[in-house]
Amino acid sequence: MIRLPSTHAAITAPLVASSVRFPGIPIGRSLLDGRLFHLSPVQTDAALLPSTNSLALGGLGSGKSTTAKTRIRREIVEHGHQAVVIDSFGEDQSGEWAALTRSLDGRVIEAGSFTLNPCSSLFPPEVREQLVRSLIAAVEPGALTPQSTHALQHALTHPKATSLNGVMDALVRPEDGRWPAAKLTEWGEGVAIALSRYTEGSLRGLFDGQDASLPETDLPILSFDFSRLDRNSPAIPSLMAAVSCWAEHVWLPQSTAVHRHLVLEEAWQILLSPATAELIQRLLKNSRKASLSLDVVMHTLSDLGEGKAQDLARLCEIAHVGRLGPEEAATVGALLGLPAWAVERIPSLGPGQAVWKVGPDYVDIIQTVLTEEEARLTDTSTRRRKAQQALAADLDTIDEPAPQEQDQDDAEHDDLPTEHLPEAVEPLPESVGGEVEEWDWEMPPNVIDTRHQDALQAAREGRCGEAADLAALGERQDIAAHGINSDQAVSWLATRAKVAELCGNLDQATQLRATVARMGKDVEWFEQSEGTRTEPQWHRGPEPAAPEAPTGYIEPVKKQRRAWPYVATIAALALAVGVVWQNAADDKEKQEQAERAAAYKGVSAVNLDIDGVETETLAKWSKDGTSVVLSVWVAPEEKPKFVRIDSGDQKAQEELAPLKEGQFAMPTHLEVKVPVQDRHQAVQMTVAVGGPHWKKNTRAPGRTIEFRPDRTAIDAESGKPLKQHYSRLL
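Going by this note's numbering, the letters in the sequence shown line up with residues 86 to 815, in that order.
In short, the hints are calculated from the structure, not lab data.
Some clues are possibly wrong.
To be verified - Restraint ranges, calculated between C-beta atoms of paired labels, are given here:
| hint | residue 1 | residue 2 | range |
| --- | --- | --- | --- |
| 1 | Val162 | His754 | 46 to 56 Å |
| 2 | Ser707 | Asn782 | 32 to 42 Å |
| 3 | Thr783 | Pro445 | 51 to 61 Å |
| 4 | Asp254 | Glu457 | 49 to 59 Å |
| 5 | Glu211 | Val257 | 20 to 30 Å |
| 6 | Thr270 | Gln748 | 27 to 37 Å |
| 7 | Ser707 | Leu420 | 50 to 60 Å |
The beta-carbon is built from N, C-alpha and C at its ideal position, and this holds for glycine as well.
Please put together the full structure from these sequences, using the hints given.
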């Protein structure tokens, strides 16, 4: 329990707009003066808050998603709002918003289980054309030329163009129009090939099928769950384009709610696509007259690069920023116009705490507070516990804290102290003038030190700048608390090395591990103490003995006779320097060998989603270091039709026939053995998988992985690190 007078709390940072109170749902308490903080943007005076759009930023475990979910739930329950969520991240094959959506009698639409019809008659003709062009641009950006665009426009006027398959038929077999059919066929070939990805290829079932339709518009909340899709798949911007058009031209006109919310979770994937960014920008600009709020949730602004996508953040009048690294905090502060004192506080914010900026002037630091039911519905503890268990076994250089039952992934919460929620605690005592005299509410403790896991998880997800910032911040904190040579500080060097390795910076990882070694931490070649060494220090050469002056003799010696001691000294110095250089080269080589030996694990395992099939891959080096066994395993419930692996001259494949009556499905397991020159050599394997919709004699989608014996792997095409898994093949 922390008791702090309001006058004491207020001097920790300037309170820019302490007298401002907003109407609407309760969110939490100010950490500057203890006041309750309420905010429903649509209920706020337009002169104070011109736009109702919001932007939520923060690193892993900062509480940004929990705050966003809580705000939407309270707006729906208390004010009858409606919400549509684009959810592209979750766990256990389910989106992050699924539990909350179902609790509000909403609907979760999983990608692949529901077919969105981009050619629906509910869309105006110009919208259908724009949407189909967005689908083409997502998979083949160069397919849209003036000629192919005309062929597409002609095909969309055909009576069969009520589905994507009908548009394909009209492109392949057009009727004569302003141009002859032969010309139209030639012009439409490129866009037809692009659209075939959605009718016959790996993206089949998302936009074309017998049950293709559009979702209902009268539910309190609808969640489009893209979590099963590959984050780099063109399906995400394609689906986002379809959902945006549906929201703009069907949902908004038909909805009867007083206000609507479009929530973009993990928004960087959506905003980086030029086609979908243009749609979102139009929604942002027209949101006020459409009675719509866009609520954008993402980790950092750096994910958006420096193009138009980042400019969209400036259109959001409301921002709440959780914990970020110092560099990212400075970038966010400059873009959003945050005061210096707020930017300085961002790196040290705890779970559930955020710097809020509302309108042009109001800035405060707010602790989000939840009821028990809200904490349960927004819980993501399973992901945290899995990460802790995986890291505990995978990283032998870091002492991992034991996971505990109560999760702190997004925020630590108390029951919200307000009259709007049941069984609320007493509000803070206020003076006659309305000023809070003191607070005595229990602030959330940071029980689990998750800083190492947060940095590593960010690196595993490809957010290398954020990972480096988190590691640097944690190192500075532990150096200040425990000293530069403490185990706590040294553990951050190991974490930074792992982050560098995951991000592909192997030279930096080597340097950091060498630094740990030089500090005497678990490296054999540096275990000798200074007192036990017999070799001379590297920077000292042999010093010539000082000649003794002859007794009773004062005649000077001729210069040429005194030259030989200097020649000898120079020769000795040159010899010593040569020995030093040679020793330094030998030491460096030994150091590199020791680091490779320390990192060697002889195994690398990666799970991949190929053509909708979860595939386990493994590389296992032999004990003598002369060969590697590469294997793939696919569970029978994934229903693959074709599996193949290739590495060098070795290959193995299996085409699965339909099961006969009485037969049981068996897992698919293939392996090949390839030679290597030494145990530290990396190997590549290409995995091709035909999913449930694969057709015989067609090319199956594939991925090429480079496995490394230090239990890492990268995508050979993109160079991005891939997350390690514990394979059942081990």
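Hints, one by one, checked against the model:
1. Val162 <-> His754: 46 to 56 Å: holds, 50 Å
2. Ser707 <-> Asn782: 32 to 42 Å: holds, 37 Å
3. Thr783 <-> Pro445: 51 to 61 Å: Taking Cβ atoms as reference, threonine 783 and proline 445 lie about 57 Å apart, which means the hint holds.
4. Asp254 <-> Glu457: 49 to 59 Å: holds, 56 Å
5. Glu211 <-> Val257: 20 to 30 Å: holds, 24 Å
6. Thr270 <-> Gln748: 27 to 37 Å: With Cβ atoms ~45 Å apart, the hint is violated.
7. Ser707 <-> Leu420: 50 to 60 Å: holds, 53 Å
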